[in-house]
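So the sequence lines, in the order shown, correspond to chains Y and S. Just so you know, our numbering puts 70 at position 70 of the first sequence, and the rest follows in order with no gaps. Add 104 to the 1-based position in the second sequence for our numbering, that's all there is to it.
Because the hints were derived from the structure by calculation, they are not lab data. Bear in mind that the values here come from a model prediction, so they are computed numbers and not experimental data. Don't take every hint at face value.
Claimed, not checked - Okay, the calculated bits of chain Y under chain S, using three or more residues with CB under 8 Å as the criterion:
#: 1; stretch: 14-20
#: 2; stretch: 43-55
#: 3; stretch: 73-81
As the list claims (entries may be wrong) - Over 10 Å on every C-beta distance to chain Y, these chain S residues come out as not near it, computed from the model:
#: 4; residue: K128
#: 5; residue: I136
#: 6; residue: D208
#: 7; residue: E246
#: 8; residue: S272
#: 9; residue: L326
#: 10; residue: A333
#: 11; residue: P343
#: 12; residue: A367
All C-beta atoms in this analysis are idealised placements derived from N, C-alpha and C, irrespective of residue type, glycine included.
If you want the building blocks of each chain, they are given just below.
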Amino acid sequence: MEHAMKRWHYIRNGSSLKLDSERCIGCSACLQVCPHQVFGMQGRKAQILDRDACMECGACARNCPVQALQVQPGVGCVAAILIGKLRGTAPTCECGGSKGGACC
Amino acid sequence: MLLTPVSAVKPPLAGYRKLSQLQKPYINGYLIRGLRQIPCMVSTVKFRDRLEHVGVQWGIRRNSYMVLPGLYAAGSPGRQSPVLVTANYKLSFDMLRRELAGLDVWLLVLDTTGVNVWCAAGKGSFGTAELLRKLQQTRLDELVDHRQLILPQLGAVGVSAPEVLRRSGWRIAWGPVRAADLKAFLAAGLQKTAGMSRVRFGLGDRLRVAPLEMVQAWPLPLAAVLAAALAAWLGGGRPWDYAWKTLLALGALWPLGSWLFPALLPVLPSRAFSVKGAVLGLLWALCMILLLQPGFWFALALILVSTSVTSFKAMNFTGATTFTSQTGAMLEVDKAIIPQLAGFAAAVVFAAIGFFAGFGV
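So here's chain Y without its partners, still in its complex pose (with noise of 0.2 Å):
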């Protein structure tokens, strides 16, 4: 089962991943919290094995106990793109209705 897991890559060079190896401590939180299995860990640090694999959830950067981790985080989804260059904001997820929020 393992071997023949598929590893989805999108757009090359599509992250704003950063790690600042100066500041790991070796506590792989990134590598237990990585949907994508982006990080490795080389004797006491992390380091970024798989870069075209990271989606920007952000969930490595929010857990890093030291702030070594740098992610733009946002959802890769372009109706969200789209909608935020109608409106001039950010991407958003709100499809319509006041509350909103709740389509992806």
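Here the structure of chain Y is known, so what remains is to put chain S in place on it, guided by the hints.
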């Protein structure tokens, strides 16, 4: 375990509004702990629930499909039993309670207004603040001797484990992505295999989002019908001939973009969804040209409309996937939107030439 019928329970619970609201099909009694009654959830998912799940896949009640947030008991949990945390989207809740059959665990349900864990975490409602609030409201610390929570891994997008530990003393273990792996995860002493942490997007997953893709693309069949009517009107002598050919060639773009594109996602060339979609649209246009043998201008129009519409529809599928990033999606939009609009506009012009110059057929 002490179970009492719903009607025998009187005092309201912390974290809940009214006890009468707790008379839900997924609760079958109350666990008594001191002065507290904690609702016990049913572990069987019934036919009616399954029917609802199919409905939600088609968009029915999708934005208001929720259970009451708060603390639940699965089985007969004690002071050492694990505590799981989830969102109050009923579809996720149902998957979870089915997997918890035979286990004794506490389940803390956060209020995400009926949005699933991952999306809610992205929007912040499945977040550090809501988790701390629910821990306080339900006074969970009175019920267990440990301080260990198990959260679904995808909740890490909104919940900061270091911050929760600092502010409340509760430790977070990140559980598996899928509820189906929970039993193995608990049995292994909260250890995950690599497969448990990875988000997949297999054929089954992709086809499960297809119905909603279809519902949300409702303007496509409408446009095809209008185009067919217009073609019949402009077509002169053979209105039905024009109508069915237009309806077939354009109407098929609806299932093509909603079902076939997700199904073929990994085999279509390029990483950009717009290119993948354009290729699929082009293939469809070529099939139709072979079958219907239109004249030059109509063939050109068909190629352009099929390619641009399917490309646009495909690009919008990014929102339903599990792996696309915002930076990538922005790069894609910037490159693809002008060619898509230009292609569509050119298709209209070429079709008009076909009709008015009489070169079409």
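Here is what the structure says about each hint:
1. 14-20: With 3 residues in contact (Cβ-Cβ under 8 Å with chain S), the coverage given for the stretch 14-20 of chain Y holds.
2. 43-55: holds (count 3)
3. 73-81: holds (count 9)
4. K128: At about 21 Å from chain Y, K128(S) clears the 10 Å cut-off, so the statement holds.
5. I136: Nearest chain Y Cβ is 36 Å from I136(S), so the label holds.
6. D208: holds, 25 Å
7. E246: holds, 28 Å
8. S272: holds, 16 Å
9. L326: With a cut-off of 10 Å, L326(S) remains clear of chain Y, as the shortest Cβ separation is near 18 Å.
10. A333: holds, 28 Å
11. P343: holds, 36 Å
12. A367: Since the minimum Cβ distance to chain Y is about 14 Å, A367(S) lies beyond 10 Å and the statement holds.
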